[in-house]
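Protein sequences appear in the order of chains A and B. Throughout the first sequence, residue numbering follows our numbering, covering 45 to 478 in sequence. Throughout the second sequence, residue numbering follows our numbering, covering 63 to 505 in sequence.
Where hints are given, some of them may not hold.
[Stated by the list, open to error] Pairs of lysine-lysine, BS3-like flavour, derived with a Cα cap of 30 angstroms:
#1 B:Lys337 with B:Lys359
#2 B:Lys264 with A:Lys398
#3 B:Lys264 with A:Lys451
#4 B:Lys359 with A:Lys397
#5 B:Lys264 with A:Lys261
[What the hints assert, rightly or not] In silico contact screen, one side only, chain B against chain A (beta carbon under 10 angstroms); selected entries:
#6 Arg285
#7 Arg421
#8 Arg480
To be clear, the hints were calculated from the coordinates, so they are not data collected in a lab. The beta-carbon is built from N, C-alpha and C at its ideal position, and this holds for glycine as well.
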Amino acid sequence: MRISMIAATLAAAALCSAAGPALPVIAIRNATVHTASGPVLEKSTVVVRNGLIEAVGPSVTAPADAWVLEAPSLHVYPGLTDAMSSWGLPAATPPAAGPGAATAPPPPARGPEDRPSNSSWVRAQDLVNPSDRTVTAARNAGFTTAAVFPTAGIFAGQGALVNLAGEKAGQMTVATPLGQYLSLSPRGFTSFPGSLMGVVAYVRQVYLDADAYRAEKAAYAANPRGARRPAYDRALEGVLESPRLLLPAVWAKELVRMTELAAEFKRPTILYGAHDAARVAPYLAKSGAAVLVSLKWPERARDPDPEADEALRILELRENAPAAPAALAKAGVKFAFYAGGVERPADLRAAVKKAIDAGLDREAAVRALTLSAAEIYGVADHTGSIEPGKIANLTITDGALFQTSTKIKFVLIDGVKYEPAPEAPARQQQEEKR
Amino acid sequence: MRRSLCLMLGAVAALSAPAADLVIQNAKILTVTKGRLDGAIHIRDGRIVEVAPKILVPAGAEVLDAAGMYVMPGIVDCHSHIASESINEGSVSVSSMVGIEDVVDPDDISIYRALAGGVTTANILHGSANAIGGKCQVLKMRWGKDAAGLKFAGAKPGIKFALGENPKRRGQQAAFGATTLRYPATRMGVEDVIREAFLDAKRYQAEWKSYRARPAGRVAPRRDLKLEALVDVLEGQRLVHAHCYRADEILMLIRLADEQGFKIKTFQHVLEGYKVAKEIAAHGGGASTFSDWWAYKVEAYDATPYNAAIMHKRGVLVSLNSDSGELMRHLNNEAAKAVKYGRVSEDDALAMVTINAARQMEIDARIGSIEPGKDADLALFDGHPLSNYAKVQKVFIDGQLYFDRQKDLAQRAERSTRRKVLLEKQKKPQDDPGRRGPGRRAE
Chain A
45 MRISMIAATL AAAALCSAAG PALPVIAIRN ATVHTASGPV LEKSTVVVRN
95 GLIEAVGPSV TAPADAWVLE APSLHVYPGL TDAMSSWGLP AATPPAAGPG
145 AATAPPPPAR GPEDRPSNSS WVRAQDLVNP SDRTVTAARN AGFTTAAVFP
195 TAGIFAGQGA LVNLAGEKAG QMTVATPLGQ YLSLSPRGFT SFPGSLMGVV
245 AYVRQVYLDA DAYRAEKAAY AANPRGARRP AYDRALEGVL ESPRLLLPAV
295 WAKELVRMTE LAAEFKRPTI LYGAHDAARV APYLAKSGAA VLVSLKWPER
345 ARDPDPEADE ALRILELREN APAAPAALAK AGVKFAFYAG GVERPADLRA
395 AVKKAIDAGL DREAAVRALT LSAAEIYGVA DHTGSIEPGK IANLTITDGA
445 LFQTSTKIKF VLIDGVKYEP APEAPARQQQ EEKR
Chain B
63 MRRSLCLMLG AVAALSAPAA DLVIQNAKIL TVTKGRLDGA IHIRDGRIVE
113 VAPKILVPAG AEVLDAAGMY VMPGIVDCHS HIASESINEG SVSVSSMVGI
163 EDVVDPDDIS IYRALAGGVT TANILHGSAN AIGGKCQVLK MRWGKDAAGL
213 KFAGAKPGIK FALGENPKRR GQQAAFGATT LRYPATRMGV EDVIREAFLD
263 AKRYQAEWKS YRARPAGRVA PRRDLKLEAL VDVLEGQRLV HAHCYRADEI
313 LMLIRLADEQ GFKIKTFQHV LEGYKVAKEI AAHGGGASTF SDWWAYKVEA
363 YDATPYNAAI MHKRGVLVSL NSDSGELMRH LNNEAAKAVK YGRVSEDDAL
413 AMVTINAARQ MEIDARIGSI EPGKDADLAL FDGHPLSNYA KVQKVFIDGQ
463 LYFDRQKDLA QRAERSTRRK VLLEKQKKPQ DDPGRRGPGR RAE
């Protein structure tokens, strides 16, 4: 098995560099296939050709030209997808300010019209770097795909769905634009917006302005003669280009607040964070918002102040956060997972396992890391599950995913095989050993 | 969407679905508007339907024996900053685009503490960092409900203005590491900022008026949230609550409001109100002041604890407010000080923390006194509420029990145990060499 796969990889590498899409045909035979879109298929074969899934099922036979991998002990999953990430993107550049800064800080913003903390026109696909360290790290953890977003600023920019491999950035991009990433961080007391309510008012005014701008542009385009042209506004262009918006919301009160705010904008909305979502799951289901749950569960700070009097609600959030996905699933809310900074494969497995232990169905957990993200971003017609015709992004493991002992064997990205670096021991295991 | 959610937090929240009928028997009832009456209050579907010496208890009604207890209307606080995740949008001198309504914090424990002090309704104000601040939000202290469930539905909107030292401070010194100053730097400048803002608002109002008169074939003007809130003020649809201290600035604001054609609903703090009470009354403005809190800055020195009584006697609608999560818990004591300083009658003193505050928010048709037709917002004390020794025993909002002293005491042990269990569970190893050693780097 190993020999044939290495051969396949070599062949893939060789063919990849050639012009054209002549990738090797791969057949993974006798594996347990978790399709995400349908039932789990035992003793089945997945055929990958030309970077796409050609066939899947128990009665599928490997084509004559395929590299065959006998995999009776392996599990095949759709390529794991991080639903919100900044893998492969440059770290946000710190603002040039303070003593010794090359340039003077910008003057304080006087209101929404100055478009503070706004780079809505920035597109993740233009920033992504295939040789970024995080791309390899994510792949090692079994991820093939991520929805990546610029994250600096209140209007941070537009996301792209990227595959986590490629020689050139352009090869990585799967789908754009996904949506506008918003943070709600005030800019300090002296520059607008200097408070959470200022940020909310700012966001609201920008969306109002965007709709007015679109109307003005349409009126001008229809009848330019004798009319003053609307001034170009890149901040509004970026907002109008974004088909949906992503808003941060961890606590129940934030999930409700952001749902109500987004309802004013009449645009599809994705709420991210969502650790307290169990308390408002039926409400979220009714609102129709999609939810991204961070796998970085809240934890007690290391070496906390022993005198610190933590509110009971914070202790309860830590206790109950991993039950949020099960509650969302039960209420029928469309949700997906994002790593949220958890990077080591063992930690990721442990984080998902917590959600499963708290009541999330195992296959629902698989969906939350694969097909659900594709559905939320409206790209499920060509990725996210193991179905003929979809992009050949697959994650192959030596056991059921999220089991502590399970290892990632390899991933296929656009039909090309990548083997992970050996895993470092998990944090939890280390702690248990002590 | 707007329906309220019951977010049970394990605390004393809305304890149970109320029976349709509730009768509070044997109570000493301080109606505030109709004097004292010993008898019963009949509540149906959250409203007071009858207040009388004897009430025929309807079949199936829940009965509460309030023997030995005083019942007063739930306390109303016209100036509070609790239950909000931000207070000041201090970056600009006119921040009427922002509003407390967007950042209500239903998890703020101050709500419960206010409730435990008999408060049932509060006006949550923006801070005083700028001349025209943000929009206010009236809340009922329905602890356990979400933000929408706390909001006083149908309350008239408000907005905060501020005069004097606070709004000009950042024109004189750069704050928090900023290198630039913010206009204005003087009291003259504060006046100018407010005038300019209203001139802008009038232009905006005219622009929309013209568009609405003839919309066909035209693109609607851009909506400006900042100016919309000021147009509301000009059209009498939004109440102005103005932070002020000195007599001269109070007169300035009255003249400016007259010039621009709007009203000041309340002067907040208004420590020198006793000097210009006649002018405040003539403007039709109310005064929301402290009982005996002053001298915390230069403009707040020329004050007297007789302020409330003097303004009251001069015909100003006076309320006593908290402006503090702590003071908010004993506003009944603040009312008592108006009796002590200035011999205000007991009813008038209680009115200063109930019906008068409600009038200042224009919600007095709903709350502020114990009368048939009003919301059943009630505070039950074990003594006369103007006594320092009286403790709140139960608080009802819309006929529902939201605070019960006995239940609170009973739940303390339970909460403490739960805390201990969770803390123990979430404990981490004190030191974990694995995470600092080579294993950590091997990734």
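Each hint tested on the structure:
Under the criterion of a C-alpha separation no larger than 30 angstroms, the hint pairing Lys337 of chain B with Lys359 of chain B is consistent with the structure, at around 19 angstroms. Proposed proximity of Lys264 of chain B and Lys398 of chain A is contradicted: the alpha carbons are some 58 angstroms apart, above 30 angstroms. Distance restraint check for Lys264 of chain B and Lys451 of chain A: the Cα-Cα separation of roughly 68 angstroms exceeds the 30 angstroms cut-off, and the hinted pair is therefore not satisfied. At roughly 57 angstroms between alpha-carbon atoms, Lys359 of chain B and Lys397 of chain A are farther apart than 30 angstroms, so this suggested pair is violated.
Of the supplied pair hints, the one linking Lys264 of chain B and Lys261 of chain A holds, its CA atoms being roughly 27 angstroms apart against a limit of 30 angstroms. Satisfaction of the interface hint for Arg285 of chain B is found here, the shortest Cβ-Cβ separation to chain A being roughly 5 angstroms, below the 10 angstroms cut-off. Hint status for Arg421 of chain B relative to chain A: violated, with the closest Cβ pair at about 27 angstroms, above 10 angstroms. With its C-beta approaching chain A no nearer than about 7 angstroms, Arg480 of chain B sits inside the 10 angstroms limit, and its interface hint holds.
In this structure, the earlier hints numbered 2, 3, 4, 7 are contradicted, and the remaining ones agree with it.
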